[in-house]
Every structure is written in C-alpha cells, then in structure tokens.
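Novice: Under my numbering, the first residue of the sequence shown carries the number 254, and numbering increases by one thereafter.
Hints listed in this document are in silico derivations from the structure and should not be mistaken for laboratory results. A portion of the hints provided could be inaccurate.
Stated by the list, open to error - Here are the in silico distance ranges between beta carbons for each label pair:
1. G627 / K422: 17 to 23 Å
2. K564 / F325: 38 to 44 Å
3. T324 / L261: 25 to 31 Å
4. N501 / Y433: 48 to 54 Å
5. K650 / S498: 43 to 49 Å
6. S597 / G512: 27 to 33 Å
7. R598 / E642: 29 to 35 Å
8. I400 / E642: 20 to 26 Å
9. R438 / N295: 18 to 24 Å
10. K456 / S495: 25 to 31 Å
As the list claims (entries may be wrong) - The calculated SDA-like cross-link candidates involving lysine to any residue, where the alpha carbons are at most 25 Å apart (straight line), are:
11. K441 / I387
12. K311 / S648
13. K647 / G563
14. K520 / T273
15. K312 / I363
16. K399 / K496
17. K286 / H340
18. K650 / L421
19. K255 / G475
20. K405 / S272
21. K390 / I538
Glycine included, C-beta positions come from ideal geometry on N, C-alpha and C.
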Amino acid sequence: MKSKELHLDSFDFELSGFSTRSMAPLLGENKLKIDVLWIKKNDSNIIFISIDTLYIPKKIAEPIYIFLKNTFNIDEKDVIFNATHTHSSPAIEENFYNSIINNDLILYFIKIIKEIFNTSITCFQYGHIAYKTITLKEKIWVSRRKIGRDVKKFLLKKTIIMRPNHDLKVDNKIRLMLIYDQEIRLNKILYNFSCHPVFNTNKMISSDFKGEIGRLIKEKLGIESFFLQGFSGDIRPNFTASKYSGLNFKNRIKVLFNGEIFKEFDKSDFNHFCGVITEEIINSIDAENVFEEHEFSSIKKTYKINSVSGKNEKQFVIKLATQGNNFFLSIPAEVNSKYILELSRRFVHLNIFPLGLADNIISYLPYYSEIDDGGYEVTSATNYNGWDEHICKKSLKKFYMELESDIASIINERK
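Work the whole structure out from these sequences, hints included.
Specialist: In structure tokens:
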C-alpha cells in the first residue's frame with residue numbers, strides 16, 4: 254500500500270458536495286490523499302485506487318488504465334477505482350460539475366497516481382489475507398429517506414425527504430480485509446462500509462471521517478488502513494434532533510412538521526462516529542484467522558439503463574473481483590444500500606464488499622422499488638449529464654435481475 258497527500262494550494266477550484274458551505278469548525282483532517290493497494294497472488298492481480306474526492310472522472314481513470322496496461326501489463330478489469338465521497342474536496346467530475354473543472358487539477362491527480370506506481374508500490378511483500386465482517390452494535394448511520402413535509406415546497410405536500418428513517422433497513426456491516434506479513438503480524442487493514450461523509454461543511458478541504466478513522470487506527474495499532482466506500486446512496490450519520498432547543502428558525506419549522514430531523518454535526522458527533530468504528534474494527538481482530546488461499550479473479554461487464562422517457566440510455570461498466578467467496582462489487586454510481594441487502598439475502602454464503610463511487614459515475618442508482626416513492630435519490634438523476642428524466646423503474650429491475658443472474662453464473666461455473 255502506498256499513499257500520497259494532495260498539495261492543492263496552487264490550484265483554483267470550487268469545493269464539491271454542498272450547494273452552500275457553513276462557517277462551522279473543521280471536522281476531519283485538513284488534507285486529502287490518494288491511496289493505492291496492489292495485491293498479487295501468483296499470476297493474479299487486484300489494484301484498488303482510493304481518492305479523497307466526491308467522484309472520480311473518466312478523465313482521470315482512462316489515462317491510468319492505459320498507463321497500467323503499458324507499464325505493468327495490468328488489465329482494466331483488475332483495477333478498481335473508488336471515491337471516498339468526501340463532500341469537502343475539489344469538484345473534478347465533468348458529468349456533474351462540467352462548468353467549473355480545472356483541467357490542471359485533473360492532470361495533477363493523474364501525475365500523483367503515476368508517481369505512486371513508479372515508486373515503492375511495486376516493492377511487494379509476502380503475506381497473508383484474512384476476511385472478517387462486523388455487524389454494528391450501535392446504529393451510528395441510518396436511512397435518510399422518509400416521508401415528510403418539504404420546507405422547500407412550502408410544507409404543502411408529503412413526499413420522500415432527507416429525514417432519518419429508523420425503520421428502514423440499510424447496510425449495517427463493516428467488512429475487513431486483514432493483511433498480515435510472513436510472520437503473521439498484522440500489517441494493514443482494508444475496511445469497507447456504507448455512509449455519506451458529510452460531517453465537514455465549511456470551506457476547507459477535509460477527508461471527513463475516513464482520515465480520522467485512519468489516524469486512530471495508526472495511533473492505536475501502528476499500521477496503515479485503506480477505506481473503500483460502499484453503497485451509501487441513502488445512508489447518513491445517525492445524529493438527529495427532535496426538540497427545538499439550539500435549533501435555528503428553519504430547523505424548528507422542520508421539527509414542528511416532521512418530528513425528527515438530521516442535526517448540524519458537531520465535534521462530539523464526529524468523534525463518537527469515528528471512535529465507534531475504530532473500536533469495532535480493533536475489537537474484531539484476533540489471533541484466530543482463516544487465511545484465504547485462492548487467487549483473485551476479475552471480470553467487467555457493461556449494463557444499461559434508460560430514463561422514463563426512453564430518450565436517454567446510459568451504458569456503464571461494473572467490475573467484480575473475487576477471491577474465494579469474497580466478492581468485490583464495483584459500480585460507478587451512488588448506489589442505494591438495498592442492492593447489497595438484496596444480494597446478501599440471495600447469496601448468503603458470499604462475503605460481498607459493496608463498492609460504489611467507481612470512475613465515470615452515471616448518477617444515483619436507486620433500487621427499482623424506490624422509484625414510485627420518488628425523493629432526491631430518484632429525481633436527482635437530472636443533475637448529471639445525459640439524463641432528461643429520472644431512471645425508468647422497468648430498466649432498473651431488469652438491471653438488478655441481470656446482475657443477480659451474472660453473479661449466480663460465476664458461482665455455478667466454479668462447481
């Protein structure tokens with residue numbers, strides 16, 4: 254694993270993630286990084302490239318695919334990009350922020366990734382891999398989709414709004430890849446969970462919870478960690494308010510009509526969130542591990558979905574990397590967590606790592622049963638280039654059934 258901090262002082266850019274920024278104190282480290290993890294098993298390879306940004310554009314990914322093929326003979330299917338989805342990073346995705354992209358910044362990101370591969374990333378160490386899955390004891394994140402009255406629509410009509418929904422199930426797992434050296438000493442931790450990094454709202458860059466969790470793991474265990482963002486499209490940190498005390502007028506109105514709202518995060522919320530996750534990860538590590546001996550195998554496949562009108566169709570690539578019964582499912586979208594719930598229910602013997610926010614994002618990817626309810630995760634497709642209306646329910650259902658069938662085929666081929 255190799256990491257490099259991004260030095261952005263010489264670049265002009267706008268922050269992505271929020272339409273307006275607050276004057277709140279900084280939450281998280283005031284820096285952004287690119288992390289690369291390259292794992293080889295005999296002739297098989299898997300490369301994870303994690304970037305502290307909202308999205309990863311095609312303009313960054315494509316030159317890296319070409320570079321890795323030409324330099325190391327690594328196929329595109331063996332490379333998984335993943336944005337941490339911090340909402341306090343430069344706007345670089347042309348499908349979403351086309352009018353404000355700084356192309357010099359794009360070139361800088363490409364340069365840093367190449368530098369990582371051209372230095373010590375190729376100095377491999379022998380080791381062992383084990384996998385663990387944690388079910389959270391405390392509900393520190395929650396669904397953000399619930400029927401309520403929208404202030405922006407003058408409270409006239411009930412609709413799905415961004416409101417805590419404790420009754421709706423979401424992905425509540427933390428999935429770990431534990432990497433040990435030859436002497437069976439823990440060397441690195443890859444961890445994956447699904448939650449929007451939206452703690453920091455001010456005008457400073459921040460890696461949000463990812464950087465702080467990494468700092469805590471380094472402080473307590475003395476090792477580096479690697480975060481992969483999950484299917485977080487409908488999930489937000491679970492810190493809410495249901496009383497008027499300490500709220501501004503607008504939020505008091507929201508509480509009056511909706512009962513409970515998401516509160517403005519403070520330092521104690523942030524510390525608690527990061528502390529709980531770090532503790533869960535550390536407590537799950539023990540001396541008894543079953544090491545995975547299978548090689549990695551990767552495929553990529555193109556799927557398509559279309560808008561309600563049928564005028565717009567998007568093709569997108571999904572990658573699936575497997576090691577034994579451990580599946581890394583990478584989708585270029587803000588994916589609703591119901592996808593991993595349904596896939597885990599269908600394939601109970603698999604340990605599926607849900608990886609959203611891959612390169613060349615298409616939009617939010619709602620589950621087909623959500624379309625009739627509407628809400629931001631459905632209607633926001635029109636914020637992305639190429640969509641005239643929201644995504645068609647029928648095409649989403651067809652996509653899910655095809656994805657499920659493809660995973661089943663992979664399993665059957667092994668028998």
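Novice: Next, verify each hint and record whether it holds.
Specialist: Hint check results:
In this structure, G627 and K422 meet the distance hint of 17 to 23 Å, their C-beta atoms being roughly 20 Å apart. Our hint of 38 to 44 Å for K564 and F325 holds, since their Cβ atoms are close to 41 Å apart. Hint check: T324 to L261, Cβ distance near 26 Å, so the stated range 25 to 31 Å holds. A hinted range of 48 to 54 Å for the beta carbons of N501 and Y433 is consistent with their spacing of about 50 Å.
Between K650 and S498 the CB atoms are about 45 Å apart, so this pair conforms to the stated range of 43 to 49 Å. For the hinted restraint 27 to 33 Å between S597 and G512, the CB-CB distance of approximately 31 Å keeps it satisfied. For the hinted restraint 29 to 35 Å between R598 and E642, the CB-CB distance of approximately 30 Å keeps it satisfied. Remark: the range hint 20 to 26 Å for I400 to E642 is upheld by a beta-carbon distance near 22 Å.
Range check, R438 to N295: Cβ separation about 23 Å, and the 18 to 24 Å hint holds. The given range of 25 to 31 Å is respected by K456 and S495, whose C-beta atoms sit roughly 30 Å from each other. Using a Cα cut-off of 25 Å, the hinted pair K441 and I387 holds, with the two alpha carbons roughly 17 Å apart. Taking the CA atoms of K311 and S648, the gap is near 24 Å; set against the 25 Å cutoff, the hint holds.
With a C-alpha separation of about 11 Å, the suggested pairing of K647 with G563 holds against the 25 Å cut-off. At roughly 20 Å between alpha-carbon atoms, K520 and T273 fall within 25 Å of each other, so this suggested pair holds. For the hint pairing K312 with I363, the CA-to-CA distance comes to about 9 Å; that is within 25 Å, so the pair holds. About 18 Å separates the Cα atoms of K399 and K496, which keeps this hinted pair within 25 Å; it holds.
As the CA atoms of K286 and H340 are separated by approximately 14 Å, the hinted pair is consistent with the 25 Å bound. Between the alpha carbons of K650 and L421 the distance comes to roughly 20 Å, so the proposed pair stays at or under 25 Å and holds. For a cut-off of 25 Å, the pair hint linking K255 to G475 stands: about 15 Å separates their Cα positions. With a C-alpha separation of about 14 Å, the suggested pair K405 and S272 falls inside the 25 Å cut-off, and the hint holds.
Straight-line distance between C-alpha atoms of K390 and I538 comes to about 16 Å, which keeps the hinted pair within the 25 Å bound.
Hint check: no violations occur; every hint is consistent with the structure.
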